[in-house]
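Asker: What follows is the residue order along each chain.
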Amino acid sequence: MSEPASVHHDHGAHDDHGHDQSFVSKYLLSTDHKIIGLQYLLTGMFMALFGGFFPYVFRMQLAFPGLSVPFYGVVSPTEYNALITNHGSVMIFWVAMPVLIAAFGNYLIPLMIGADDMVFPRLNRLSYQIFALSAVIIIISFIVPQGGFGGAWTAYPPLSANADYNLTPWGSTLWLIAVAVEFVAFLIGGINFITTAMNSRAPGMRWFDVPMIVWMICIASILFMASVGPLIAGAVMLGFDQNLGTHFFDPKAGGDPILWQHLFWFFGHPEVYVVLLPATGIVAEVITTFSRKKLFGYKTILYTAIGTGILSFFVWAHHQFIAGIDPRMANVFTVTTVLISIPIAEMMFLFIGTLYGGSIRFKPPMLFALSFIALFMIGGVTGIPLGASGSDIYLHDSYYVIAHFHYTFFPIAIIGSFTALYYWFPKMFGRMMNETLGYVHFWVTAVTVNGIFIPLFVLGAAGQHRRIYNYNHFAELSTPDLQALRIVATVSLVIMLLGQFVFLFNFFYSMFFGERATKNPWKSCTLEWTTESPPPHGNWPVDELPTVYRGPYEYAVEGRDEDYWPQNVPN
Amino acid sequence: MIERLVLPASTFAGDIDFLFWFIHMMVGGWFLLVQGMFWYLLFRYRYQEGVKSQYVTGKEKHLKRWVNIPHALIILCDVAVIFFAVQVWYNVKQVLPEADATIRVVSQQWAWSFVHPGEDGELGTDDDIKTVDELHVQEGSTYHFQLESRDVLHSFSVPVFRLKQDAVPGRVITGWFEPTKAGVYDIQCAEMCGIGHGIMGARIHVETAEQHAAWVASNKGS
Chain A
1 MSEPASVHHD
11 HGAHDDHGHD
21 QSFVSKYLLS
31 TDHKIIGLQY
41 LLTGMFMALF
51 GGFFPYVFRM
61 QLAFPGLSVP
71 FYGVVSPTEY
81 NALITNHGSV
91 MIFWVAMPVL
101 IAAFGNYLIP
111 LMIGADDMVF
121 PRLNRLSYQI
131 FALSAVIIII
141 SFIVPQGGFG
151 GAWTAYPPLS
161 ANADYNLTPW
171 GSTLWLIAVA
181 VEFVAFLIGG
191 INFITTAMNS
201 RAPGMRWFDV
211 PMIVWMICIA
221 SILFMASVGP
231 LIAGAVMLGF
241 DQNLGTHFFD
251 PKAGGDPILW
261 QHLFWFFGHP
271 EVYVVLLPAT
281 GIVAEVITTF
291 SRKKLFGYKT
301 ILYTAIGTGI
311 LSFFVWAHHQ
321 FIAGIDPRMA
331 NVFTVTTVLI
341 SIPIAEMMFL
351 FIGTLYGGSI
361 RFKPPMLFAL
371 SFIALFMIGG
381 VTGIPLGASG
391 SDIYLHDSYY
401 VIAHFHYTFF
411 PIAIIGSFTA
421 LYYWFPKMFG
431 RMMNETLGYV
441 HFWVTAVTVN
451 GIFIPLFVLG
461 AAGQHRRIYN
471 YNHFAELSTP
481 DLQALRIVAT
491 VSLVIMLLGQ
501 FVFLFNFFYS
511 MFFGERATKN
521 PWKSCTLEWT
531 TESPPPHGNW
541 PVDELPTVYR
551 GPYEYAVEGR
561 DEDYWPQNVP
571 N
Chain B
1001 MIERLVLPAS
1011 TFAGDIDFLF
1021 WFIHMMVGGW
1031 FLLVQGMFWY
1041 LLFRYRYQEG
1051 VKSQYVTGKE
1061 KHLKRWVNIP
1071 HALIILCDVA
1081 VIFFAVQVWY
1091 NVKQVLPEAD
1101 ATIRVVSQQW
1111 AWSFVHPGED
1121 GELGTDDDIK
1131 TVDELHVQEG
1141 STYHFQLESR
1151 DVLHSFSVPV
1161 FRLKQDAVPG
1171 RVITGWFEPT
1181 KAGVYDIQCA
1191 EMCGIGHGIM
1201 GARIHVETAE
1211 QHAAWVASNK
1221 GS
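Going down the list, the protein sequences come from chains A and B.
So for the first sequence, this note's numbering puts the first residue at 1; every next one is plus one.
So for the second sequence, this note's numbering puts the first residue at 1001; every next one is plus one.
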């Protein structure tokens, strides 16, 4: 006897286990955390096409100023500004955030803590829908009359607040709306991650049995929620200044443009750690699995992450040393900024310590995880001369800054995401990625990144400032030597971008034609590897939800035949 | 290291170059040490047939040392960095030495205008010399500058001086410099200020006392 279909839908999200669903309800309106994770992942990858194409255009303009860029055309100053602004915005808000936090957070948290779904599945769906809306708005902002917003991703007023100055009335408003809407999506998502990790852990899973990436995503979500409030308030004020004639940031009417900088960077600096921490969590999972080692100092790593997170709220004004703030304040922020090197260096030492005594297998995910450590170290040490107020006078707003933060953000957002994709791809799609293509992709990416950013360190030290579309207007910067460095960086970038097609091919080809994956292809200990690849709706059959007996990294325990001891195996 | 790329042409340029050099030597040493350890471990503990990994928790005293000692050394290095950084900052930004002359620097989309004191050496008098996109200063004299903006944020940056200061509309920000080498150098706008940001340059003419006196005399009444 068949029941009418409508009856099922009244039971709510979880009652449709095992029922045939249409494509729309299964993939677009799903409340399943795995589908939502994949939605975030694919949206993030789609946005990365914009985020990756923009630097191709503006780097070509810098290497060959004034020439027509293939697949684009001649770059005007207005377009140049819009390209750099939106490269930054898209990469951070629509690539790093959705992929590192939302995609892997959604996909992995319930699986790694042994839950059947997030605690708020519908809120989760709403989070993605709001995020998708924000992505649509930012894309529309590129093509409105007068072009996209070009006031840099930091959107300092009065330039961003007044269309008479920025000349992009539509672009700047839409940019601001898109960013604000995106924050709402991640606030909702963050609440979900934290609540789920607190309440839905498998029986037996104590706080220190939680895999590091789950911790990291939760800490990142807390940092995000604690820091984003001021910026949302600031965004509303800036939106009012743009469109309603208020003067919060307008000095002509008694407002203060520096106020925005405080609101922005009070969010903006913790934001760095919001994306950093999930990436370090990914690295922790991968290096333990592929070196067959327990994490070296699990609790210490956790404390360094929390310490970094707390410190990150007290460093924001190092972005404003020379912005016109009271010069005495710079001394305080130099101290806090330089101190952040302590927990972060400690964390890197502990990751390296994890390799000690291991049996290291250099599979593609492991290579990416190791390159994260090697490259992030460059980003870390070059932060010191910027955090030190004295040398920042010279380096502020120079290409040295660009090279520094790309040596942090590139390992975080790009290398970190690739690490996770290569590692969890078999779980997500039930098939293995091609290893040879993975190696090709790895070496192209990890080598060319240095070809792009090492020249930028030199250019920055030579006094080249940011956000300038043609250096021929400055006598000291138009020398052939400096131009040669710009060309090296651009050529490296083009090679890197071409290398990403290898990945895209591998990703989509393997999704359908790759070798079938087993439940646990990497012989890993955490819970997501105890279910089918890909996991069914509900993750485990209802009566087989896992129970946890030990920590997540019990590799090479003495006296056992196998070199790994999964969390859910009683003995 | 910077001095090999850009001439140091102010009294504090050398201090900033030293700080940059000092920090890079220090972090460079750390970087090589840690990378060396990293690559050594990768090689030493690569997968080998029949060799099992060790069960290490990170609580072992003899292993924890390898993290704790560097950790303590980093704190020491941080103290050194902070000491030199604050010292340089204090001299360049926090105190104003006695000035020989004061100039006014006015930024706007997308040009620099400069007001020089004329022969009387005082700003705000009739013989002030106003210029656009070129600033004339005398070698060996200490200048105060009063930085203003007419519209959006700009940043007054003179790479050869290692000097940079944002201009904020509605405020007058005072700073100082003392040029040490005669020559003509770039002034760049270092803060995004709109479409013309990429062409917002000017030139600073550092002149010897005679040259500068001649320039002032030739601009009398302008």
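Take the hints with a grain of salt, since some may be wrong.
[Claimed, not checked] From chain A, some residues computed to sit far from chain B (all C-beta separations above 10 angstroms): (1) 195; (2) 244; (3) 357; (4) 370; (5) 509; (6) 537.
[Said to hold, decoys possible] If you want a taste of the chain A side facing chain B, the calculated C-beta under 10 angstroms gives, among others: (7) 77; (8) 116; (9) 122; (10) 165; (11) 256; (12) 321; (13) 450; (14) 471.
Just so you know, these hints were derived from the structure itself, not from any lab.
Quantities reported herein were computed from a predicted structural model and do not represent experimental measurements.
Heads up, the beta-carbon is just placed ideally off N, CA and C, and yes, glycines get one too.
Asker: Quick one: which hint numbers does this structure break? Sort them smallest to largest.
Answerer: 3, 4, 8, 9, 13
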